[in-house]
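Trainee: These protein sequence lines map, in sequence, to chains W and X. Here the first sequence is numbered in my numbering, starting from 204 and rising by one per residue. Here the second sequence is numbered in my numbering, starting from 204 and rising by one per residue.
Careful: at least some of the hints might be erroneous.
Repeated chains share a single entry, so a pair holds when one copy, or any two copies, can fit it.
List of simulated lysine-lysine pairs, DSSO-like, C-alpha gap at most 27 Å [what the hints assert, rightly or not]: (1) K577 to K347; (2) K699 to K658; (3) K356 to K457; (4) K436 to K639; (5) K577 to K651; (6) K347 to K257; (7) K519 to K483; (8) K436 to K577; (9) K237 to K347; (10) K347 to K628; (11) K639 to K455; (12) K658 to K577; (13) K628 to K658; (14) K356 to K483.
Hint data in this document are derived by calculation from the structure and do not stem from the laboratory.
Letter by letter, the chains look like this.
Number of protein chains: 2
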Amino acid sequence: MASVLRCSSKLRFAARIPVARALSTTAALRTSEKSFFSNEPSGPSVSTAIPGPKNQAAAAELNQVFDVRSLNMLTDYSQSVGNYIADLDGNILLDVYAQIASIPVGYNNPHLQQVAASPEMTRALINRPALGNFPSADWAQILKTGVLKAAPKGLDQVFTAMAGSDANETAYKAAFMYYRQQQRGGHDVEFTEEELQTTMANQSPGSPQLSILSFRSAFHGRLFGSLSTTRSKAIHKLDIPAFDWPQATFPKLKYPLEDHVQENAQEEQRCLQEVERLIKEYHNPVAAVVVEPIQSEGGDNHASPAFFQGLRDITKRNNVLFIVDEVQTGVGATGKFWAHDHWNLTTPPDMVTFSKKAQTAGYYYGNPALRPNKPYRQFNTWMGDPARALIFRGIIEEIERLDLVENTRITGDYLYAGLERLAQKYPEHFQNLRGKGQGTFIAWDTPKRDQFVAKAKSVGVNIGGSGVSAVRLRPMLIFQQHHADILLERIEQLLKLI
Amino acid sequence: MASVLRCSSKLRFAARIPVARALSTTAALRTSEKSFFSNEPSGPSVSTAIPGPKNQAAAAELNQVFDVRSLNMLTDYSQSVGNYIADLDGNILLDVYAQIASIPVGYNNPHLQQVAASPEMTRALINRPALGNFPSADWAQILKTGVLKAAPKGLDQVFTAMAGSDANETAYKAAFMYYRQQQRGGHDVEFTEEELQTTMANQSPGSPQLSILSFRSAFHGRLFGSLSTTRSKAIHKLDIPAFDWPQATFPKLKYPLEDHVQENAQEEQRCLQEVERLIKEYHNPVAAVVVEPIQSEGGDNHASPAFFQGLRDITKRNNVLFIVDEVQTGVGATGKFWAHDHWNLTTPPDMVTFSKKAQTAGYYYGNPALRPNKPYRQFNTWMGDPARALIFRGIIEEIERLDLVENTRITGDYLYAGLERLAQKYPEHFQNLRGKGQGTFIAWDTPKRDQFVAKAKSVGVNIGGSGVSAVRLRPMLIFQQHHADILLERIEQLLKLI
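Just chain W, same shape as in the assembly (with noise of 0.2 Å):
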């Protein structure tokens, strides 16, 4: 406890220091810059081969009782502190995948550590309320100092969920409600005796035949609902029963985007033409149109504000619901806090699903008529869990603390910067670099991707992929300057290895 505290008062400390905004050029940042853990390696460092011994004997005694086959390395987390990552073996890695995007402030955070050893906490952890019938005296206050204050503008409800796949199909279920109660006639018009008892029966019109249009190659979750919008690859789908709905063509940009400004445009417009017309034609109507800022595990694909606001106006003009699954996105990883807020939307979209980085889950709302009709309509046991609502809340604090996004728009920057220069000294490793002015939000395709990832740990960096050939970086929001000049060397060295 005593080694928490010390370490947290040096992070206070840090924090004093207004070290993001107060420095003008990045250069002048990268020399005076103070790191936020204190207690974090000045670099990675790997003295087995990974998987070491002890990491294979750990493994096969997991694989027992647990599928290991997906088995990247198991982590030893007592050794793990903020951007590094520690395996069984002592080996300690530079971390730039992060639980697939979902560690936000850091290993051990000092703060995180105080929230976990809360009261609240306890009480949270151990007396687990069923939300829609018995949440805690103090459960708008946990919301609205944490999930909450954290809002996109315009969206000042939400309902809370488990993670990104129940977070998305509550909003379609919430859209599919909101759609039909448009088609009765509003809000108190009672169900048919028909709707009543088709639905008992998985039949129309009680369970309509509508749909969710998401686009190829997007992903957004693997239940039944979401893995039917889910588009990224075969392997998520084969076998699995799926929804008849539609799919439009995510644009596909070329890079560099200021060499393609016009065939780029051309290209997001044929796409929404494309959007327009399924929302017109498509055999089972649309009720909502979902769609991530970033593809993200599709490949990292990127589009322009000006798509974005052609789906809002498109779903606008035909009565759709726009919902916006910002599970990877969100919370601050591409330097503004939600990454819909790069797009200046005219009007907020619908509904804004939200897991990961947040640590709990759920959807955010405006308009008072999607909270359906009738009680018990949007409800499950749990409805989240508040434990991991009161993480949120220390994440909030912590990032507003250090001024995190910031932070990541400061990196990211200059970490892209490293990257381009890169990208021209070994052109044959770096295709269609993107994610400039998106934070840390950054991805090149490589011919040897697998190769590469598979080898980065041999460099003492930890690093996932996305798509086919996209090598993507998701750090977390306290990556620095300096833990990008020690990757950008590290990636470096490793072009050379593969």
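Using the hints, position chain X against chain W.
Mentor: Here is chain X on its own, set in the frame of chain W:
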């Protein structure tokens, strides 16, 4: 902290007296019985109308940001203890609803308090792993001493999940993948090009039109796949697209059972024949049958061990998987750890799903072929929550220490006998009393159910309903005979008010 330890040591003392097993008659038990919670109140206390003024004000505040129409009461968890739940106005109620059957070992359980305050818990809370990629080094150990220590006989593997809905849906996914693997001719047969392509468009054969067979009035969750197997109430399903999956009739038994032996056996046979016919004839082939040991949300509908053995036989015979949904029945409430332990099946179910009282979720399985043939087919970012897995381990320890399954069996028999006496005295209020020999998992029908449940708080009891006309009892595993006495007395008071 001191008060926690004090309380805990008293609990340990109480545990050294083997109360539940040493005494042979319930009467003797009752007089010598010591409370598991030394700091529990001696009974409910109600000092305001419910909801009281503070509750109403707080609900109005919460309503600004969170739908409160399903609100039961705003709860003061700091003042709740053992079997007693406190509201914001200082009212203290005997809780036999227990967060929709999900609190196992009492509010503010001292042992769970210790688990919550452990360094392991802090690490799990603040370094949340992507369990499929970066499990903690001790994940196998946590599973083996926790989740898997409680595994049903014959099932030694687990896929961890977040809650009941996704536990069921991932089990369904495993069933579909297994079914297609059998069709294809085994583990090593590759997908066809056609499958790879059609699945990206949600079309067969890649996304095949297979089905899960469930029962009328079943409840298996509210996401799109689980909701397609839920047939409890229209309000759960209206306006949500659903899969064209078959439903069979669940037996409607007549009570008292001993007076309708022949008739009930025929009813069960009729239902079993319907199941087999649907499996053979339904246009979307059935990959699995899912069933609750006792239909819970659907109205506490029971069937005999012979019925479930029949289901097991039919599924075996037709090469269809048998999934038992123990989300509500599992973890001790029926007087056995798993309700399906009552059946003495000739072969174990293929999968058993759990959540609620486990405070974490997932599905157990035994057959290694239920691991899909490639990695990343059954996967998501978090795959559960180690923090909640640690709580389940603490719950299992507490259940063992205090012999709580046996306590529930004995208390259940005692409570059932008391309800039988009430039913004889007030036959107009008790129909179809059921759950004999099923621990405290007891229910009855009553024509004034909604009034009964609504007015119960005024006599100091928090109680819930299920189905259309049932009162369902779902006390915790620490519910003892002196609590049963209070409950019986308050029910009798309540009957005079409605």
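Trainee: I want to check one pair: K347 and K257. Are their C-alpha atoms no more than 27 Å apart within a copy, between two copies, both, or neither?
Mentor: between (45 Å within a copy, 19 Å between copies)
Trainee: Can you tell me if K436 and K577 fall within 27 Å by alpha carbon in one copy, between copies, both or neither?
Mentor: between (38 Å within a copy, 13 Å between copies)
Trainee: Given a CA cutoff of 27 Å, do K237 and K347 count as a within-copy pair, a between-copy pair, both, or neither?
Mentor: So K237 and K347 fail the 27 Å test inside a copy (32 Å) and across (43 Å) alike.
Trainee: At most 27 Å between CA atoms: does that hold for K356 and K483 within a copy, between copies, both, or neither?
Mentor: For K356 and K483, the Cα distance exceeds 27 Å both inside one copy (29 Å) and across copies (54 Å).
Trainee: Can you give me the call for K658 and K577, within, between, both or neither, at a CA distance of at most 27 Å?
Mentor: So K658 and K577 pass the 27 Å test across copies only (22 Å; inside, 55 Å).
Trainee: I want to check one pair: K347 and K628. Are their C-alpha atoms no more than 27 Å apart within a copy, between two copies, both, or neither?
Mentor: neither (49 Å within a copy, 51 Å between copies)
Trainee: Reference check for the pair K356 and K457, CA-CA at most 27 Å: within, between, both, or neither?
Mentor: Classified as neither: same-chain Cα gap 31 Å, cross-chain 57 Å, threshold 27 Å.
Trainee: At 27 Å max between alpha carbons, let me know whether K519 reaches K483 within a copy, between copies, both or neither.
Mentor: within (13 Å within a copy, 47 Å between copies)
Trainee: Up to 27 Å between alpha-carbons, please classify K577 paired with K651: within, between, both or neither.
Mentor: Answer is between: at 22 Å across copies they meet the 27 Å cutoff, but 54 Å inside does not.
Trainee: Between K699 and K658, at a C-alpha cutoff of 27 Å, which is it: within one copy, between copies, both, or neither?
Mentor: Only inside one copy: K699 and K658 sit 11 Å apart there, 75 Å across copies, limit 27 Å.
Trainee: I want to check one pair: K577 and K347. Are their C-alpha atoms no more than 27 Å apart within a copy, between two copies, both, or neither?
Mentor: within (24 Å within a copy, 43 Å between copies)
Trainee: For K628 and K658, with the copy left unspecified, which applies at a CA distance of at most 27 Å: within, between, both, or neither?
Mentor: Within one copy only: 20 Å inside, 77 Å across.
Checked against the numbered hints listed earlier, the structure breaks hints 3, 9, 10, 14; every other hint is satisfied.
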